[in-house]
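First to last, the sequence lines map onto chains Z and V. When you line the first sequence up against this note's numbering, it's residues 1 to 362, in that order. When you line the second sequence up against this note's numbering, it's residues 1 to 504, in that order.
Please note that the accuracy of each hint is not assured.
Calculated pairs, DSBU-like style, for lysine-lysine (alpha carbon to alpha carbon, straight line, at most 35 Å) [unchecked claim]:
hint : chain 1 : residue 1 : chain 2 : residue 2
1    : V       : Lys50     : V       : Lys24
2    : Z       : Lys212    : V       : Lys400
3    : Z       : Lys212    : V       : Lys391
4    : V       : Lys478    : Z       : Lys147
5    : Z       : Lys294    : V       : Lys386
6    : Z       : Lys346    : V       : Lys374
7    : Z       : Lys294    : V       : Lys391
8    : Z       : Lys294    : V       : Lys50
9    : V       : Lys24     : Z       : Lys147
10   : Z       : Lys147    : V       : Lys327
Hints in this document: simulated from the structure, not taken from any laboratory. The model shown is predicted, which means the values in this text are computed figures rather than measured ones.
Now for the letters of each chain:
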Amino acid sequence: MSPATNRKKTIVLSKIYKNQIFIPLAAMFILLLFNLIADPGFFKISMGYNSAGNPVLSGYLMTVLDNGSELAILAIGMTLVTAASGGQDISVGAAIAIAGSTLLRVLCGTNTRPETLRTPIFVAFIISMLVAMAFGAFNGALVAIFKIQPMVATLILYTAGRSIAAWINNNELPIISDPKFGYYGGFIPGIPIPTPFFIAAVMVVIITLVLKYTNLGLYTQAVGINESSSRLNGLNPVFIKWLTFVILGACVAVAALIKVSRLSSINYSVIAKDIEMDAILAVALGGNALSGGKFNMAASVIGAFVIQMLTTTLFKFKVPSDALPAYKAVVVILLVVFSAPVVREKLGGLTKNLGIQRKEAA
Amino acid sequence: MTKETLLTMRGIDKVFPGVKALSKVDFTLRKGEIHALMGENGAGKSTLIKVLTGVYTKDEGSIRLDDKEVAIRSPQDAQHMGISTVYQEITLCPNLSVAENMYIGRSDEIYQNWKKMNEGARKMLENLDIPARATQQLGSCSIAVQQMVAIARAVDMDCKVLILDEPTSSLDDQEVQKLFKLMRELKERGVGIIFVTHFLDQVYEVCDRITVLRDGKLVGEYEIKDLPRLQLVSKMLGKELDDLSDIKTEETETKVDKKGEPLFEAEGLSSTEGIKPFDFHISKGEVNGFTGLLGSGRSECVRAIFGADRVVTGSMKKNGKTIKIQKPIDAMKNGIGYLPEDRKIDGIVGDLSVKENIILALQVMRGFFRPFSKAEANAFADEYIKTLSIKTASSDTPIKSLSGGNQQKVILARWLLTHPDYLILDEPTRGIDIGTKVDIQKLVLKLASEGMSITFISSETDEMLRTCSRLIVMRDRKVVGELTGDDLTQNKIMSTIAGGEEKK
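Throw the hints in and build the complete structure from the sequences for me.
In structure tokens form, the structure reads like this:
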């Protein structure tokens, strides 16, 4: 190989390496490789029939697509909040409980075992979304107007959210028997791919269009990087920060619909438990600075699916669910360390050196 | 080599990817001298200093300190060898006391003897005649005193070489004098001082010797008396001073006072920043300026006009029509642009690209739902990178990796792109090299001749005299005079600034 092409190759390599999306993709690749070596059964996808007699695809990869969907949806909102406010919302799990509880309350009324739904699902969903956005607005106001550190501000809802959720339904557990409600978290008859994945895909398309046809990306990044100079360029940093929390609220409502639909019921204390940490991790794994500023939405979304892939892999290897967080922590430490700018720079230098050595050898 | 030689750097090379920042640079510092390191932005001053302080490692060359070859691998190494640096930005902790700041990170012991520490600091402050108490919170001192505390800290660490990197850029004249006094005292003690600054006056006031760098190469080392000012400038620029004389000829044209309908008027304006209500007007194609000492309220005045601070009283008119400016976007929609005083805090959006920084203001005016296409944004960016000759690797480079002067040009491009009729430039030339300064002054005059109204603020009075046809003089947050025509002289400005105090 001539030195010129070799150098070109090094440049291309370092370009790929420097691209933010490389981080979650590399993590995904390593996980897939591990599974391939340890047990290729991970990749097996089989066609079966669920209890309702509908054709469904099943397999570990389908589980990842299915369960990673809520996480991907939340990662979208979390990325925006992180970019603009330089902090994270830790109340999304509790907010999902609230939105889910509202959804059930509107659907069931006071009767916890309704024969028929009191309102169309779409209407109930819109109402639950408004409620979730109102709570997002509350968080956003604390952060943007009262300048409270985002994690501290959202700690309030994190603590109180699940009680509020229980209170909305008088601490009862409504159960919905209408099978149609189960479609959102399960399968639509005749379509073997889980619905949550489609919902996540729609959300990704929406946010992609929003980022393309509005200035949401530029404004949130500018505010996150330098609030003062953003203001002098005519932006309203308070409004923009607040807006990101409201958008996260909307994402929460969508995730809540999926979560509640999976069970056709709700358990206030365990629904979407610890999901905020996974959502924040997805943003971090996407290579986005948790201190705000520049972001890459696609990287966050991929990051979310990687986190889910990790969870699924651990389950597959029969890691007991109590011990799961500990195993996850180890993997997460590795991932985060390898995506840290310091390490990447070092590794970048290494590949470059290799290129030079190869050149010398040639 | 004489006996007094303290530090010699020979054949220093430093290469960054794609750029040779230093090439075979020599530098010599003697005991008890103040040595100016001069050069335009990008000449390699900062790189040389960073090599000396261990922030960067040199690629080639040798450094000898006290006649011993040394290898400086980290800032800690440099400090242990007695090389201390005081940067332009204060790098101390404002929420700690003066004494704590002087001793922080220097003790190896677990327990801190507070009494001893405060006593030591008090002695040091007294010794160097610094007007601060040891137990005072650093943040409550003026910037100059903070700067001096940083120097005191450096001196107390037994430094042999003291590097002052643009220490005066945020100080007013009196404060600069205090700092110089301190520098001379240190010189008496045999400390070698490397002084980096953009202010020529200060170089000639305090330095003994000058080393000039250009494009990463050594131009030469001179005794101060052998190098008159004009020659220094031409050595730094690498050309004769045609540029500066150019501006002088243009000057006569623009000095013609353009009487006409005022483009913008303000009456009884005051803001939350405590300026006394003031009246202001500017005509089409006029260049005027606010002058006064630092802290006299000149920036606060223009910030009130732009709505950057909350306006409390007053009314504004543009082209005779009453307008309301409550926040920056209102001003922008009325065709007003504002280049802020503090580039880092208020100007650049560091992580965003040059392109995004250029289009930002216009994009915000255009609206949330109408982003520029990639092609449009690129066209805008390329146009202004070319016309203002902004030195950047590409329009996608993050603005924070540009040099100060080029960052300033990007901010200037941002406002020119909005095509304002009235542009406010608050210290556009601070901390940037002479070449760019001249460029910006020329640009101001050119824009004015094309009909733009401009308010120009600068700490350097001669720069204002060169560009402005009317000066509004401020003292203690109050407008105290207005100078035009023949009154536009250095002396007249000084006496107007000082005026009121004599009457009392």
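Hint by hint, here is what the structure shows:
no., hint, in the structure
1, V/Lys50 / V/Lys24, "holds (16 Å)"
2, Z/Lys212 / V/Lys400, "holds (25 Å)"
3, Z/Lys212 / V/Lys391, "holds (29 Å)"
4, V/Lys478 / Z/Lys147, "holds (33 Å)"
5, Z/Lys294 / V/Lys386, "holds (26 Å)"
6, Z/Lys346 / V/Lys374, "holds (33 Å)"
7, Z/Lys294 / V/Lys391, "holds (23 Å)"
8, Z/Lys294 / V/Lys50, "holds (28 Å)"
9, V/Lys24 / Z/Lys147, "violated (51 Å)"
10, Z/Lys147 / V/Lys327, "holds (20 Å)"
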